[in-house]
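Residue 1040 in this note's numbering sits at position 1037 of the sequence shown; the count goes up by one each step and never skips.
Simulated from the structure, these hints should not be mistaken for laboratory data.
Just so you know, even glycine gets a beta-carbon here, dropped at the ideal spot from N, CA and C.
Honestly, I wouldn't trust all of these hints.
[What the hints assert, rightly or not] Pair by pair, the computed Cβ-Cβ distance ranges are: (1) His814 <-> Cys1078: 30 to 40 Å; (2) Cys1078 <-> Asp806: 43 to 53 Å; (3) Arg194 <-> Lys799: 45 to 55 Å; (4) Asn948 <-> Asp722: 38 to 48 Å; (5) Ala1089 <-> Ser938: 27 to 37 Å; (6) Asp806 <-> Leu1076: 50 to 60 Å.
[Claimed, not checked] Here are the computed lysine-lysine pairs in the DSBU-like style, where the Cα-Cα straight-line distance is at most 35 Å: (7) Lys597 <-> Lys496; (8) Lys664 <-> Lys627; (9) Lys371 <-> Lys1111; (10) Lys816 <-> Lys902; (11) Lys130 <-> Lys54; (12) Lys836 <-> Lys737; (13) Lys50 <-> Lys984.
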Amino acid sequence: MMELSHSLTLNEEVLAQLPEVKRPVFVFEWLRFLDKVLVAAQKSDIKQCQKQLVEQLVRQMREGSPGPPTRRMLGRCLATLFSVGDTFLLFDAVNQCNDILRNRDDSPSYLPARLAAITSTGTMYEKLGRMMGRSYEDTVHILLKSLRNAESQSRCETMHTMEKMVAGMGAAASPVHKDIFKAVRHCMTDRVLAVRCAAAKCLLEMVWHAPFLYTSDLETVASICFRAFEGSNYEVRCTVAMLLGTVVAITQQASQAQVGKNRLASLEEVLNLLASGFLRGGIGFLKGSAGEMIKGGSSVSREIRVGVTHAYVVLFQRLGGLWLERHLPVVLSHLLELVGHPRAVQTHVDAVYSRKCVSFALRSVLGKMLGDKAQAAACKDLVQVIVKHLNSDAVLDSNSGKDGQQEVALSQHILVCALQELGCLIETLGTTAVSTLSDSSIGLVETVVSVLIHTSPAARLAAAWCLRCIATAVPAQLTPLLDRCLDQLESLKSSPDAIAGYSAALAALLGAARHTPLGLPHNKGKMIFNLAEDLLRSASQNSRLSLQRTQAGWLMMGAVMTLGPPVVRSLLPRMLLLWKNCFPRSTKELESEKVRGDAFTWQVTLEGRSGALSSMASFLRHCKELASDDIVRRILSPVESALLMLSGIGPTIKSYGQHLKASAAMVRLRLYETMSLLPAQSYESSYNNLLRLLVAEFTLTENQANTTTSLLRSLCHSDDSVILGSWLQETDHKAIEDQLQPNSASGSGALEHDTTALYRSLNKGDALPGPLPLGVAVIDMSVVLYGLVFPHVAFKHRLQMLDHFSECVRHSKATRQEAVQINIFTALLSALKALAEAKTSLGGEDVRKAAVGLIHGALSHPNPILRCAAGEALGRMAQVVGDGRFVAEMAQDSFDRLKTARDAVSRTGHSLALGCLHRYVGGMGSGQHLNTSVSILLALAQDMNAPVVQVWALHALGLIADSGGPMFRSYVEPTLSLALKLLLSMPPTHVDVHQCIGKCLSAVITTIGPELQGNTNSISTARSSLLVACSIMQDHGDALVQTEAISCLQQLHMFAPRHVNLSSLVPVLCSALNCPHLLLRRAAVACLRQLSQREAREVCEHASSWAKENAALNGGAGKGGS
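Take the sequences, apply the hints, and build the full model.
Given below as structure tokens:
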């Protein structure tokens, strides 16, 4: 049937005979064919049927109820028709579009015609430009007038059309630019975020043709952008930042001749303009008194701060590497001063987030835009910034009044950012940094070492980390640096700051040793161990230094452990003795210490015990082969002593003050960490005390704050990112976007939260260590340990805990209840995962019932992450139980709920539950429910009034298709039919729906497999439907949907290579390599790699042709780089 659509004019007879449901696909296929053939057709052929073609296209616009992809195709075909054929019907077509737009019919049935007219008008103006004559004034007037009462889709399409009109008409449309700007201003703060995106793109296009936007109205544009950032999503932030960064960049690139009498802003003015957004949310720049700036006041929303950070990066990228090299000192000074402003660091969390923003901007600019020589120059500039602030801090310290202390407190953040970036740059330069390090005029190493005695712990730790980077980049520096720090620590033993700073540096340098080719001389580890032991033994001799000596001693001990068995083996007997002496050896000793000492003694004791435990954890992590049964038994003695102490520490904290809470929490964190590295069976006798402690930890029994774990997303399945938005982790902006995620303390990692990060290995993909705040870290660790212990716990205790969880949820309210549930479900998932890995049972009927009760309560929770966790838990539980009857009961329960539930929340939760049951028990284990599951999900996926239900239903359908294998074969046709129907009708703004359709199609391709090469009617139809679906997704404006299209085409190529057109696919992939979206770039690389393995020559030929065409296009392009 598809072949019949391949004619120059629409075959209306065939169309009329088709069932209603197949007509949209037939029309779309005709338009796709027409779009390709018009470009290559002879003018004489077009001339004969041009009038009929125009009539058919306009009729489809007016009467065909076209969906978004069809609307785009209609506009494209009209524009191409008039550019390659005659233009005598052009104004008639434009007038017909205008007539459709003038019609005041605001019924839903007329909306597709209106949207098609808006889209087609825009495409014609974009392609035909000034050929459209003066008709633009009339069209703009009609569009702007209708904008006042338009619904969101029309507002969105109007903005897109305005963008295309401005692009096509250029400066010729300048009489209407002001009117368009007025309309765009309102749309930039529209409550519908897709409208904001469209408005920002329109304004970005206008910038190239309307100089008033970057001259007289510059401040207005910036102010609109700051307001657009508020309450924004990732897409809006990226688009608005592109606009703001570009507008500001043009002020530095435009010539006076381009702007006439208007004045171009100076570099200082535009940087201050961006700073006003970062620091004050953009309250009129050049307005407001200096007093207002300094006083502080309400903090800026994180969305604005992150958005402005994106804009800084765009600004410097637009201006380019050469410009940056010339202005490097100004740029560095400006960015670093941001984080030294009182408004940026009003609280500790604010300070951490602001530092992240500034570090991200520095990394994006210095790390990605400069060559080796310029990076070395940047190192020199950073050293000068550090020296400047060290000198001013020294002056302020000597006149230590209240203002002086505040200035020092602010400058610490500048030092942290500067030192972190310096370390990153040196690591990037590698051994080429030798000349920079050895240049005495720069004094880089001396400067960094001098920060080790700064009064700020954050600055000292940043300096220590910077030294680790130096040692990793230039291994020859490792031993001299160690010797230098050892000598200084020996000679400055009476200075608390020096003890803290130099011990941190030694720990960081030891952490670098295993990342260097030759490591360290054998005796260095022993020397540092001796010094650490000496500090611990002398800690009690001087109360002024006891805390610092204790912390420093154990920090260095933990770092020595990273040198591994060759160094640690001979030191182990002394180590075991130190561990043993740090804890009470009996219950009697434990009881007697409770009545001794004071608040300070207890603080030092707790710090010592957390330090001892952290060094144990480091030993168990880095010296596994030394952890024999005998050594584990000897370690367990202090571990069990610590557990007993923590079980009864409440009264001590009450007696001596709440400030001990943090020290006690640190002991718990280190204890959980150590126990997680020991065999769970080895401390079976301590389960009662341990489980009581762990459960109290994550159910927030004694914690007034509603702290949640950071691990829930990682314990949910990675494929669920589409319903949780966690694909944001896979962007180039993860480092700053993390702080806007809803989970507790997300993105607020900082070195001062956990000093042991100095000697630990970095997490994959991280440039800097970012341990989370203690409150979150201790809950995270309790959840991990709970999962490890759970498989070894008796069934009756499992039941008690599950019942207790239900009680905890029932007795808490609102926000606290949600926090408790998040923690409980993370612990439950951790436990179920461990049970599955150990292949052990969950327990009897009563245990299952308790778990199911807990899970069902969360399947209809308003928070999507909890619904997702509940679905995941149900699937994992079915996997662990391994009983077909249980799976049948759970599936039937979800069927019943889905048939009666009317609220979106229940329908999404139970849809996912079905998907997860199939995911974890596979097609064979859930085959008897397949028909009902698929039928229900296909029905839910068509609920156009509830896109969120469609997303979850399609996601679940994709999971079932993935796990069903050959059993899903009979559902391929209805799934494909639904996918095409949705792709042709769904507004493009529902990106997540399109993403889920892509994932469903991917699963369908896998289901059909090699059969896709066949020529039977059913296979040909399926293959044709898949190719149409891929073309629609490729044409979608969102990078995530394009990513899904590429993945589908890659799979199609694997199974049916002859049917994938490389001449059109390869250029798309090559273009995607330069896309700002990380996931799209990855998909393009993966696809190109696969294509190259099979058809290397064709790929090279198509890529070469693309490169030549692209070079020719870019040669004539007037707009700056991306």
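Do the hints match the structure? See the list:
| no. | hint | in the structure |
| --- | --- | --- |
| 1 | His814 <-> Cys1078: 30 to 40 Å | violated (50 Å) |
| 2 | Cys1078 <-> Asp806: 43 to 53 Å | holds (52 Å) |
| 3 | Arg194 <-> Lys799: 45 to 55 Å | holds (54 Å) |
| 4 | Asn948 <-> Asp722: 38 to 48 Å | violated (26 Å) |
| 5 | Ala1089 <-> Ser938: 27 to 37 Å | holds (34 Å) |
| 6 | Asp806 <-> Leu1076: 50 to 60 Å | holds (55 Å) |
| 7 | Lys597 <-> Lys496 | holds (31 Å) |
| 8 | Lys664 <-> Lys627 | holds (32 Å) |
| 9 | Lys371 <-> Lys1111 | holds (26 Å) |
| 10 | Lys816 <-> Lys902 | holds (30 Å) |
| 11 | Lys130 <-> Lys54 | holds (20 Å) |
| 12 | Lys836 <-> Lys737 | holds (27 Å) |
| 13 | Lys50 <-> Lys984 | holds (34 Å) |
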